[in-house]
Amino acid sequence: MFYYVRRAIKDIFENRFLNSVTVITITLSVLIVSAFGLFFVNARDLFDSWKNGVRIMIYLEPETSEIQRLDTRSRLQAISGIQNIRFVSKEEALDLMRERMKRQQSLMENLRENPLPDAFEVSLSRDSNSPEVMEFLAQRIEGLSSVSDVEYGQQWFERFSNIFNLFKLAGYVVGGMFFIATVFITANTIRMVLYARREEIHIMRLIGATDNFIRFPYYLESMLQGFVGGGIGLGALYAVMMILGSRFEQTLSAEMLTIRFFSPTTCFFIIGCGMLTGLLGCLFSLKQFLKE
Amino acid sequence: MTENSSIIRMFRVNKRYGSKKALEDISLDIAKNEFLFISGPSGAGKSTLLKLLYLAEPVSEGQILVDGLNLSRISRRRVPLLRRKFGIIFQDYKLIPTRTVFQNVALVLETRGIKRSLIEKRVKSLLRVVDMDDRLTAYPASLSGGEQQRVAVARAVAGDPQIILADEPTGSLDEDSAAIIFKLFHRFHLSGATVVVATHDKTLTSNTSSRVIQIRKGRLDEQPDC
Ligand SMILES: Nc1ncnc2c1ncn2[C@@H]1O[C@H](COP(=O)(O)OP(=O)(O)OP(=O)(O)O)[C@@H](O)[C@H]1O
Ligand SMILES: [Mg+2]
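If you read the protein sequences in the order shown, they are chains U and Z.
The first sequence begins at 1 in the numbering used here and counts up by one.
The second sequence begins at 1001 in the numbering used here and counts up by one.
Since the hints were made in silico from the structure, they are not lab data.
All values derive from a computational prediction rather than experimental measurement.
Cβ coordinates follow ideal geometry from the N, Cα and C atoms, glycine included.
A couple of the hints might just be wrong.
Said to hold, decoys possible - Partner residues aside, some chain Z positions facing chain U, computed with beta carbon under 10 Å:
1. Phe-1011
2. Pro-1058
3. Arg-1077
4. Val-1079
5. Leu-1081
6. Phe-1090
7. Thr-1111
8. Gly-1113
9. Ile-1114
10. Arg-1116
11. Arg-1155
12. Lys-1202
I would like the entire structure built from these sequences, with the hints used as guidance.
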């Protein structure tokens, strides 16, 4: 086995030019697709952290008494999926508003009485912050007595969710297309290698080599190339990420955006895909070639 | 010779390359363990006849049986099986240019799945017999014609073939090296192999007790001329 790996490496060097085309093709596709993937992974992280910040505002009827308020609160506490409940009095809300609208202070000064309602601010547990669960919860809360209105970032949340899913789908499509294109290009380069070696292959057959015997080194070679291509692609991506990352982190606060690389499992998976690409390309060209 | 002792049987074989007739109406039986010369002038069809046997070329008409295998019926998958019955010395040597002398000979044994340690021993001893053991790591392009031919002979017999097909095996060799090659053939012949030598070299065929058949312009000559 060791002998065959050594042979394969030697054969790769023999056809340096064509084999580097294969490696470079695989490298580039791995680089592009995993750059996309990396972007996606980090966008998801960001999205997740936003999701955790999602809150439901529950506005109470103007004439709600303290007792009713406490009653509502305990009812809210009984609803599963709700993690945190904070009471926001209308005074607090007004202060917040004043704070935010410093420029338009004149508007505020004319207010005789506080027009804002008391409210509860509710945050959700991690597993119930999908749009569906949120809508369900909102409807339940709306049915409670002394609740006048429930507000949550339903629309942007859903829209963002949709964009995110679209993005995911686009990622799969683009990834798939790159995969097919790479297999195709690899198949063609390997065909050229085979063509350059046709005399050798012919001789091997004349002295009694089976198709499998002839094929095996090429499988090995193409998997090796896929491995190298995938490795270089990932390495390059990592390097680019580190360089860009160090630039960004100076401008953006670190906690807001920590760029994360793929997990080791994902890295193996990506390199595995590179190897699979090489292998499939090889399979196709050999199948055609050995038919003669 | 009786029918069932034949290892190769050709029956009314015709071979055309396009419209050009290379072999016409050849019927020939070769017995197991026979030592046979096929002689004839250049272009007579000697190489073509051998190529039909190991299926480098398909017959145009007729039947060929090799060790019970009907060559016109054999499936693609079993062609390597047929070829492993032969040890072939090609007229143009057909050494693989990207492999060393050692690797060229070793390849035959690799295709048969033999262990590396065994391969190493066997290849070296064979190359010693043809006096090429000092050029193990040389590439074919750096060898003379005669040296390449000797490597080709070593490769042909490496797989311990039932039948040795030699196409001008001594064409590039001096008398001494030729004698070594023939001694090697005789050794395999003695141990049971069938040997078929195609040559236009009269000195090889004139003083032999073996059967010699003549091909002229693609036809078998019944009476051998001496
Ligand atoms: N691939 C081919 N395509 C067309 N014609 C061929 C082909 N191979 C051989 N021939 C022709 O068939 C005839 C027989 O050729 P062959 O090589 O069998 O002769 P030979 O007896 O081996 O000659 P030599 O002693 O010179 O090797 C020749 O006329 C040759 O030109
Ligand atoms: Mg010839």
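Against the structure, the hints come out as follows:
no., hint, result
1, Phe-1011, "violated (24 Å)"
2, Pro-1058, "violated (13 Å)"
3, Arg-1077, "holds (8 Å)"
4, Val-1079, "holds (8 Å)"
5, Leu-1081, "holds (8 Å)"
6, Phe-1090, "holds (8 Å)"
7, Thr-1111, "holds (4 Å)"
8, Gly-1113, "holds (8 Å)"
9, Ile-1114, "violated (12 Å)"
10, Arg-1116, "holds (6 Å)"
11, Arg-1155, "holds (7 Å)"
12, Lys-1202, "violated (29 Å)"
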